[in-house]
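There are 2 protein chains.
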Amino acid sequence: MQVCKFVAPEIIFGAGTLSQVGKAARRLGASRVLVVTDPGVIAAGWLEHMLPYVEDEHLDYAVWSTVTPNPKDYEVEAGAAYYQRHGCDALIALGGGSCIDAAKGIAILSTNGGRIHAYEGIDKIKRPLPPMVMVPTTGGSGADVSQFAIITDTTRRIKMTLICKSLIPDISITDPLLLTTKNAYLTASIGMDALTHAIEAYVSLAATFLTDVQALRSIQLISAHLQASVDSMENLAAKDAMARGSLHAGLAFSNAILGATHAISHQIGGMLDSCHGELNAVLLTYVMEFNLRTCPTRYASIAEAMNINISGMTALEAGQCAIVAIRRLARNIGLHARLADFGVTEEMIPILSATAMYDACMATNPREATCEEIAALIRTAL
Amino acid sequence: MQVCKFVAPEIIFGAGTLSQVGKAARRLGASRVLVVTDPGVIAAGWLEHMLPYVEDEHLDYAVWSTVTPNPKDYEVEAGAAYYQRHGCDALIALGGGSCIDAAKGIAILSTNGGRIHAYEGIDKIKRPLPPMVMVPTTGGSGADVSQFAIITDTTRRIKMTLICKSLIPDISITDPLLLTTKNAYLTASIGMDALTHAIEAYVSLAATFLTDVQALRSIQLISAHLQASVDSMENLAAKDAMARGSLHAGLAFSNAILGATHAISHQIGGMLDSCHGELNAVLLTYVMEFNLRTCPTRYASIAEAMNINISGMTALEAGQCAIVAIRRLARNIGLHARLADFGVTEEMIPILSATAMYDACMATNPREATCEEIAALIRTAL
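Line by line, the protein sequences give chains W and A.
Take the first sequence: its position 125, counting from 1, is numbered 124 in numbering that gives the first Met the number 0, and each next residue is one higher.
Take the second sequence: its position 41, counting from 1, is numbered 40 in numbering that gives the first Met the number 0, and each next residue is one higher.
Keep in mind that a hint or two might mislead.
One copy or two, either will do: identical chains are not told apart, so a pair holds if it fits within one copy or between any two.
To be verified - Here are the computed lysine-lysine pairs in the BS3-like style, where the Cα-Cα straight-line distance is at most 30 angstroms: (1) Lys164 to Lys22; (2) Lys164 to Lys125; (3) Lys22 to Lys125; (4) Lys164 to Lys4.
Please keep in mind that the hints were generated in silico from the structure rather than gathered at the bench.
From a predicted model like this one, the values you see are computed outputs, not experimental measurements.
Next up, chain W with everything else stripped away, as it sits in the complex:
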């Protein structure tokens, strides 16, 4: 029996919808909200912009803003203590994937207790979570719609993948205006992260007809608009298209899970605290080359969604064209091309490949891989 499952939060999308955040939290029964954000978001003025909408609904709130990129176990635990101390009963995250994942981690500990490490893996969260409203400011992580949270275990120096339906936020609010304060590098790396989500979800062993429509539409939108979005901070049409592409990708990968790109990039990110999106941008095409012969027609559909004219090509050739086009795109938007640029060395490969084998995202990669094959794959991307 092949069972397709699909779950999604309530989605609110549109320029100006940041104004809905207080009403959304109120609707979920919140009375005292923990707002999870970070210094970059505050500096851009978005917290100041949002809080009046929370106050309008007569909600009390406390702000917790000590989140770093690749949120750490101890940050989540400190956040949970802060949540308890302030008597909060709901969460709003305003930020990128790191803020949203940190908020999810705090939500877990607030009702389930213990240490965050206990919830690594699939379906380990038993008690219901408090209401969560997520407002992404980066457009790319998909964390605002996904059943994933990625938290760094600073002792083992790996990223833990937590997957559970209760991690799907109650309400996701995407306001594309929030993307206009993101610099070119962030726009590029996060855009490639979203493209990676869509591509890995589309070729995933857990892909279904419900995730396929989301993934293909995401690939269309991102491949058509990422360059323009990087080129100008003010191009609202491009920001809007990227926000839509990211949302489609989030809905796809939350339900289809991911693949070897994420399984490997989680390990490197956990070890070196590197930029997740840029790591994925490098790894993606090598993983595509690794997987190509396992499901060439899927990669041909990806090429078609990228608006590559594949007429007269074999599926393999079309897939290869998609790989070339993605490498060119990543180069044109100024991203690194090699893992060595992040400080990855030959010596790290045995441990990176060994831990990647245990990442929850590896199970849905279309081509089964041995640890040696993953090591060889990382080596080609060095």
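Starting from the structure of chain W, add chain A where the hints point.
Below, chain A alone, put in the same frame as chain W:
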């Protein structure tokens, strides 16, 4: 500010997934379930097939099977009394749109009280509803994923449209095997109902990027597989494609609402108790002709999704081809072509057009219409 909203239930899909029904209800906290079904479903053996899965989870249940097509206000009220009398705390519907809508009506009354008429319109349901698991046996109504319930007011002889987010079931389980006992007429009329959902949602004033992907995919699937599904009760590939198409259409129209086809067919169905899907099949193309010049490019996209070669055509021409193709499809699967075949007469037109103007589906029709224009439209379809 243009706000896009999107909501969906948890979806489980696949041949054999009927076996998940008990677990789904248990997961939602049910202990004593009202199973809403109808004599046709029982005769086909599906209730007998399902109940062991409910028993496996040690759930008590009562069965209520006195639902007729186009469920009536008094049936819903009798069902609600039955629900109370048996101390139920959750609902499972096993059946077509009528069973599912009846179950939604019972759910409303069970926690909100009063008469069902009080909840006609948008967002009139204030108290949360009991857990609902919906198992469609017809594939087409979309009621298993939608925020709609349609109940006949037998005094006014119209169909009431109830729209509220809380009407979205908690879990929708689509098992395409259940479609194999449906005869050709039911398959044809319900398939055209699903196609109407997709087309009206796609041209709706409330359509968004999130409903568009669902609507277009639905149009592709239904136009490619409906004929084969009607031709053979056992063609499981066609049943599976139709079930997927119906699900996509349900997700589209639940969020984008519908248009004049439904606004009119609700009135005729309320007055004459006619087959909803077949009525839509007749009305759809006349409404498309009425709307065509308001949004020709949307209709051209519909033609393209129907795999019509539109190269070299204007948008208007492409839209006209879509209309011709839909008329041909409806004829080929054996459905009526005129409203007179249902007993609609010239004398009924003033009342039908007047009440259609107040249907909740009229507000999202792309072309604004006067009562006289709707009367003229009905007349062309007589």
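Item to check | Numbers of the earlier hints that this structure fails to satisfy, in rising order | outcome: Hints that this structure does not satisfy do not exist here, as all of them hold.
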